[in-house]
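As they're listed, the protein sequences go chains X and V. Per my numbering, the first sequence runs over residues 1 to 290. Per my numbering, the second sequence runs over residues 1 to 109.
Check the hints yourself; a few may be wrong.
Said to hold, decoys possible - Beta-carbon label-pair distances, calculated as ranges:
hint: 1; chain 1: X; residue 1: L234; chain 2: V; residue 2: D39; range: 32 to 40 Å
hint: 2; chain 1: V; residue 1: I96; chain 2: X; residue 2: P236; range: 37 to 45 Å
hint: 3; chain 1: V; residue 1: N51; chain 2: X; residue 2: T265; range: 50 to 58 Å
hint: 4; chain 1: V; residue 1: P65; chain 2: X; residue 2: E123; range: 29 to 37 Å
hint: 5; chain 1: X; residue 1: R121; chain 2: V; residue 2: M37; range: 16 to 24 Å
hint: 6; chain 1: V; residue 1: I61; chain 2: X; residue 2: E140; range: 21 to 29 Å
hint: 7; chain 1: V; residue 1: G74; chain 2: X; residue 2: R68; range: 38 to 46 Å
hint: 8; chain 1: X; residue 1: E140; chain 2: V; residue 2: I96; range: 41 to 49 Å
hint: 9; chain 1: V; residue 1: A58; chain 2: X; residue 2: D241; range: 27 to 35 Å
As the list claims (entries may be wrong) - Here chain X is said to cover these stretches of chain V; the calculated rule only asks that three of the stretch's residues, wherever they fall, bring their Cβ under 8 Å from a Cβ of chain X:
hint: 10; stretch: 7-14
hint: 11; stretch: 77-85
No lab work stands behind these hints: they were computed from the structure. Where a beta carbon is used, it is the ideal one built from N, C-alpha and C, also for glycine.
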Amino acid sequence: MCTTCGCSDKQDVSYTMPGAHTHSPDGHAHNHDHAHSHDHDHDHGHSHDHSHGHTDPRAALHAGMHGRTVVLEQEILAKNQALAERNRGWFEGREVLALNLMSSPGSGKTSLLERTIRALRDEMRIYVVEGDQATSNDAERIRATGCAVIQVNTGTGCHLEADMLARGMQQLKPPPGSLVLIENVGNLVCPALFDLGERAKVVVVSVTEGEDKPIKYPHMFRACRLMLINKIDLLPHVRFDVDRCIAYAREVNPDIEVLRVSAETGEGIEAWYQWLRHELVGQQPADHAV
Amino acid sequence: MHELSIANGIVEICAERARDARVIRVRLEIGQLSAVMPDAVRFCFDVCARNTVLEGAALEIVETPGRALCRDCGHEVALVQLVGRCVCGSAKLRVIAGEELRIREMEVA
Chain X
1 MCTTCGCSDK
11 QDVSYTMPGA
21 HTHSPDGHAH
31 NHDHAHSHDH
41 DHDHGHSHDH
51 SHGHTDPRAA
61 LHAGMHGRTV
71 VLEQEILAKN
81 QALAERNRGW
91 FEGREVLALN
101 LMSSPGSGKT
111 SLLERTIRAL
121 RDEMRIYVVE
131 GDQATSNDAE
141 RIRATGCAVI
151 QVNTGTGCHL
161 EADMLARGMQ
171 QLKPPPGSLV
181 LIENVGNLVC
191 PALFDLGERA
201 KVVVVSVTEG
211 EDKPIKYPHM
221 FRACRLMLIN
231 KIDLLPHVRF
241 DVDRCIAYAR
251 EVNPDIEVLR
261 VSAETGEGIE
271 AWYQWLRHEL
281 VGQQPADHAV
Chain V
1 MHELSIANGI
11 VEICAERARD
21 ARVIRVRLEI
31 GQLSAVMPDA
41 VRFCFDVCAR
51 NTVLEGAALE
61 IVETPGRALC
71 RDCGHEVALV
81 QLVGRCVCGS
91 AKLRVIAGEE
101 LRIREMEVA
């Protein structure tokens with residue numbers, strides 16, 4: 001295991017560009033060493049050598065018996081956070097709008113992307129990152145629209161992380177001013193914790209799910225700027241209280257914006273396109289919220 | 001199971017700082033609103049620590065309770081989950097504690 005970058009745990013992550021012949025680069029290349037800031041190498045002040053908790057006799061005894069206590073006070077997600085900020089700077093420098101789309105499996109993220117690409121491909125340059133544990137099925141669907149796409153298979157991982165997005169961008173190379181849509185692994189829990197460096201997180205919830213998803217998975221809905229309620233064409237056939245769903249979402253995140261759409265019929269979808277247009281030119285979105 | 005990534009991160013950070021010294025004990029702070037389950041971290045930690053300088057290290061976890069400030073009346077509220085209400089009835093809460101996810105210290109041989 002590489003204890004410097006810990007990338008052995010990502011050994012099962014693969015990157016595929018459907019149709020391209022440059023797929024699956026060495027999944028273990030250590031060429032990303034610039035990303036881990038080692039500037040903390042010299043900061044372990046050993047002044048605490050003699051401070052092992054004299055207030056707690058057990059701790060002192062324990063330390064005396066065993067070893068030396070090193071105070072770390074380090075955020076566990078700091079490395080992902082640092083890489084995410086690096087991605088964010090990369091995107092901002094190129095005026096690329098990156099959005100992180102998240103939902104449970106089957107809420108219609110890929111269908112939403114397909115429709116969005118077909119509708120907007122003449123007015124914006126769209127690039128897609130598909131995250132799934134396995135298969136490149138979704139990337140193939142996106143590729144069929146003519147859009148450049150990279151599939152990131154996370155293997156055992158249940159979410160995308162910032163370094164995976166960075167690797168994806170190295171291959172996808174989105175030009176300045178483009179829109180990068182990141183379809184995260186279908187999961188309402190884990191992706192909420194891992195910043196990728198996107199401008200905004202968007203959660204998709206479909207009316208075939210329970211309307212209480214926002215309070216069941218509050219971390220996700222709190223992290224997102226926009227909630228898309230998808231499959232609204234099915235509302236006559238399901239018991240889904242849209243207003244209650246929105247109320248739950250606002251309970252978790254009072255500032256969340258909400259749009260009702262159907263990726264299948266196109267109902268309400270224009271408001272989503274407008275939201276994208278406004279975000280892309282860096283303006284505040286107009287008042288399309290419900 | 002983001003706890004697997006979390007545990008990997010812990011092992012990675014500690015191994016880097018310990019260099020070649022053996023790590024005997026690691027103390028974490030995990031907030032009760034952090035969406036990270038201590039038991040799952042413990043389970044994953046043992047797996048991730050295998051064949052590293054952290055193999056066999058004890059994992060201590062301090063859990064921090066959730067607290068929030070009401071955005072409407074300024075009252076401080078205790079939270080056991082992310083969704084909650086202030087005594088004034090407002091749901092507009094700003095979390096001020098309970099989201100910690102930090103390695104406090106470690107003990108090396």
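Checking each numbered hint in turn, tell me which of them this model violates, lowest number first.
Going through the list in order, the structure violates hints 4, 5, 6 and 9 and respects the others.
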